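So the protein sequences, as listed, match chains A and B.
Count the first sequence with the UniProt record's numbering and you get residues 1 to 190, in order.
Count the second sequence with the UniProt record's numbering and you get residues 1 to 430, in order.
No lab work stands behind these hints: they were computed from the structure.
Keep in mind the model is a prediction, meaning the values are calculated, not measured.
Misleading hints may appear alongside valid ones.
[Said to hold, decoys possible] Computed footprint of chain B on chain A, listed as stretches where at least three residues anywhere in the stretch have a Cβ under 8 Å from a Cβ of chain B:
1) 50–64
2) 137–151
[To be verified] SDA-like cross-link-like pairs, simulated, lysine to any residue; straight-line CA separation at most 25 Å:
3) A:K80 x B:P226
4) A:K75 x B:P239
5) A:K75 x A:I28
[As the list claims (entries may be wrong)] Pair ranges (Cβ atoms, derived):
6) A:G117 x B:P267: 55 to 65 Å
7) B:I178 x A:A139: 39 to 49 Å
8) A:D27 x B:G209: 25 to 35 Å
9) B:P172 x A:V101: 20 to 30 Å
10) A:A111 x B:I178: 44 to 54 Å
11) A:E58 x B:A68: 51 to 61 Å
No residue lacks a Cβ here, since even glycine has one placed at the ideal position from N, Cα and C.
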Amino acid sequence: MAETAATATTDQIEHDGEGYRRRDFIDIAAVSAAGIGGAAVLLPLISQMSPSKDVLAESSTEIDVSAIEIGQAIKAVFRKQPLFVRRLTAAEVAEANGVAVDSLRDPESLADRTKEGHGDMLITMGVCTHLGCVPLGAAEGEVRGEFGGYFCPCHGSHYDTAGRIRKGPAPTNLEVPEYEFTSDTVVRVG
Amino acid sequence: MSFPWARQYEPKTGLTKFLDEKLPLPRLMYGAIGAGYPVPRNLSYFWNFGVLAGFFLVLQIITGVVLAMHYAANAQVAFATTEHIMRDVNWGWVMRYAHANGASFFFIVVYLHIFRGFFYSSYKAPREMIWLLGVVIFLLMMATAFMGYVLPWGQMSFWGAKVITGLFGAIPGIGESIQIWLLGGFAPDNAALNRFFSLHFLLPFVIAGVVILHIWALHIPGSSNPTGVEIKSESDTLPFHPYYTAKDGFGLGVVLLFFFAMVFFSPNMLGHPDNYIEANPLSTPALIVPEWYFYPFYAILRAFTVDFILPAKLWGVLAMFAAILVWFFLPWLDRSPVRSGHYRPLFRKFFWFGLIPCMALLFYLGGAHAEEPYIMLSQIATAYYFLHFLVILPIISQIERPEPLPYSITEAVLGSDKKAVLGENTTPAV
Chain A
1 MAETAATATT
11 DQIEHDGEGY
21 RRRDFIDIAA
31 VSAAGIGGAA
41 VLLPLISQMS
51 PSKDVLAESS
61 TEIDVSAIEI
71 GQAIKAVFRK
81 QPLFVRRLTA
91 AEVAEANGVA
101 VDSLRDPESL
111 ADRTKEGHGD
121 MLITMGVCTH
131 LGCVPLGAAE
141 GEVRGEFGGY
151 FCPCHGSHYD
161 TAGRIRKGPA
171 PTNLEVPEYE
181 FTSDTVVRVG
Chain B
1 MSFPWARQYE
11 PKTGLTKFLD
21 EKLPLPRLMY
31 GAIGAGYPVP
41 RNLSYFWNFG
51 VLAGFFLVLQ
61 IITGVVLAMH
71 YAANAQVAFA
81 TTEHIMRDVN
91 WGWVMRYAHA
101 NGASFFFIVV
111 YLHIFRGFFY
121 SSYKAPREMI
131 WLLGVVIFLL
141 MMATAFMGYV
151 LPWGQMSFWG
161 AKVITGLFGA
171 IPGIGESIQI
181 WLLGGFAPDN
191 AALNRFFSLH
201 FLLPFVIAGV
211 VILHIWALHI
221 PGSSNPTGVE
231 IKSESDTLPF
241 HPYYTAKDGF
251 GLGVVLLFFF
261 AMVFFSPNML
271 GHPDNYIEAN
281 PLSTPALIVP
291 EWYFYPFYAI
301 LRAFTVDFIL
311 PAKLWGVLAM
321 FAAILVWFFL
331 PWLDRSPVRS
341 GHYRPLFRKF
351 FWFGLIPCMA
361 LLFYLGGAHA
371 EEPYIMLSQI
381 ATAYYFLHFL
391 VILPIISQIE
401 RPEPLPYSIT
411 EAVLGSDKKA
421 VLGENTTPAV
């Protein structure tokens, strides 16, 4: 309301030369200050819901991969979600490279999904891209699906040895999180 | 309320006279749910469900407040305190089973209330606002029920929370940030559990507030009735008390019989056994499904499997929300001036042989495994669902020739207005 009153007064100044009243200025200044103050309150109210410092502190994980033998996989926890680290055998690497990338649902080569110099170290989230179940295949003796990688029991998604979706309802490959090798044997994820 | 023959409140004792001057609460109640509210004389049992829904809201609030006295919203102990309520707390088991089944019964009566509205077109002028507020209540109920199901921190709680908040991840660009913001982390954990508890406690009181608005809006035109003909004279009405307090009371008794039969003899019938396993982020249950009352919308969500401009997952999310939001537009989609389905031959056919089987199918499919033939069936049912509201209803209201309406409610009940026995302080019926 204060703003409508103010516009009217501005028009009047130009047209019939009447001035502002001091009270109009005080009205607008007071309501604006209160409005900005009120809006500023929203910032902490919204921001408090974002991940807190302790949650963020756990948002990166260091993993020692030296103990993983060829052909073995381990389950780690990254951001409270399972993370699969798998050291591929030469046969599995060859199998992954033997597939025509263009023929895939989510075309990516094994090299796109691993780091240079560590082409046999496949690090992916253990979260099916369909509805978020945890696929099987990381632990010893678990079913690895028709393509020898991972198999999600919920709705039957089959992933190959590069963690790429090959069959089933999942839309994309298993997600490769951001990570880097801090040394030859240590990986920092996140 | 707005009828001139409505009985007036007259305080008789010293106390009620004192109250009436200082805070006329008894007068308000008398006009709202007492003898001062004239109601159509021909209401069927389908008009019981509003009061029943109100009853279950109160039951949920009472049992919920009791449960909150013994529960701790912390991911370390939430599951344990839920079991503590079941095993150690005096009468804790009955409180929890009443609360869990109370939610189911709340949804049963609300679904019947909504379908009463669909059949008798209760959403039409002058009752649009009542309908809109009702849809708001339903949305709030869904949010509340979803968050309540997370609190026991079992496997279904955890994975349900993950899948449902994952829906927001389908929004392009900002989806993942929204999901992280909602959860306060990268997966459901302590932060999510705590905020869900806080909101699960708050929202029922917000619902109670909107219910008051819903009833307020109802009292302006007054209740609708099975003929859809508006009230014309006093002989069309009866005072709410004692006539409908008695009828609602009887209906409540019948529903409570079923309710307590479930609480005492089959309390887990509508639950999922997986929720008696503590939440484990590293292992998923074989079938993740929400509670039964979300099944139709879950079926719609999963019906989209093909990317078309937007990703399939996003289509599913949009369709799921649209399936409820379309109800907001119902008063303007159905343009027929006749309200009651009893006088609308074509509408009636599409209601009983279109919408009802379609909803029944969606209810079934939401709980089924995501595989053929269920996926194709959900696609057909979803298509019909939207077709019904967006195409069939508007066309019916254009081409249908309704059957003749009775002149008045009294005529519909007694055969003639002249047979009405009138109370005092009234004008004669026409």
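**Asked** When you check the alpha-carbon spacing of K75 (chain A) and P239 (chain B), does it fall within 25 Å?
**Response** Outside the cut-off at roughly 69 Å; violated.
**Asked** CB of I178 (chain B) to CB of A139 (chain A), is that within 39 to 49 Å?
**Response** violated (33 Å)
**Request:** Go ahead and decide if the range 51 to 61 Å is satisfied by the Cβ distance of E58 (chain A) to A68 (chain B).
**Result:** violated (29 Å)
**Request:** Verify the proposed pairing of K80 (chain A) with P226 (chain B), using a straight-line Cα cut of 25 Å.
**Result:** violated (55 Å)
**Request:** Verify the coverage statement for the segment 137–151 of chain A against chain B, using a C-beta to C-beta distance below 8 Å and requiring 3 or more qualifying residues.
**Result:** violated (count 0)
**Prompt:** Between D27 (chain A) and G209 (chain B), does the beta-carbon spacing fit 25 to 35 Å?
**Reply:** Given about 32 Å between the Cβ atoms, the range holds.
**Request:** Given the hint of 44 to 54 Å, check if A111 (chain A) and I178 (chain B) actually sit that far apart at their C-beta atoms.
**Result:** Hint violated: Cβ distance 33 Å, outside 44 to 54 Å.
**Request:** Note whether the CB distance of G117 (chain A) and P267 (chain B) lies within 55 to 65 Å or breaks it.
**Result:** Given a distance of about 59 Å, which is inside 55 to 65 Å, the answer is holds.
**Asked** Given the hinted pair K75 (chain A) and I28 (chain A), is their alpha-carbon gap at most 25 Å?
**Response** violated (61 Å)
**Asked** Three or more residues of the segment 50–64 of chain A near chain B by CB distance under 8 Å?
**Response** holds (count 5)
**Message:** Given the hint of 20 to 30 Å, is the C-beta distance from P172 (chain B) to V101 (chain A) inside that range or not?
**Reply:** holds (25 Å)
Going through the hint list in order, the structure does not satisfy hints 2, 3, 4, 5, 7, 10 and 11.
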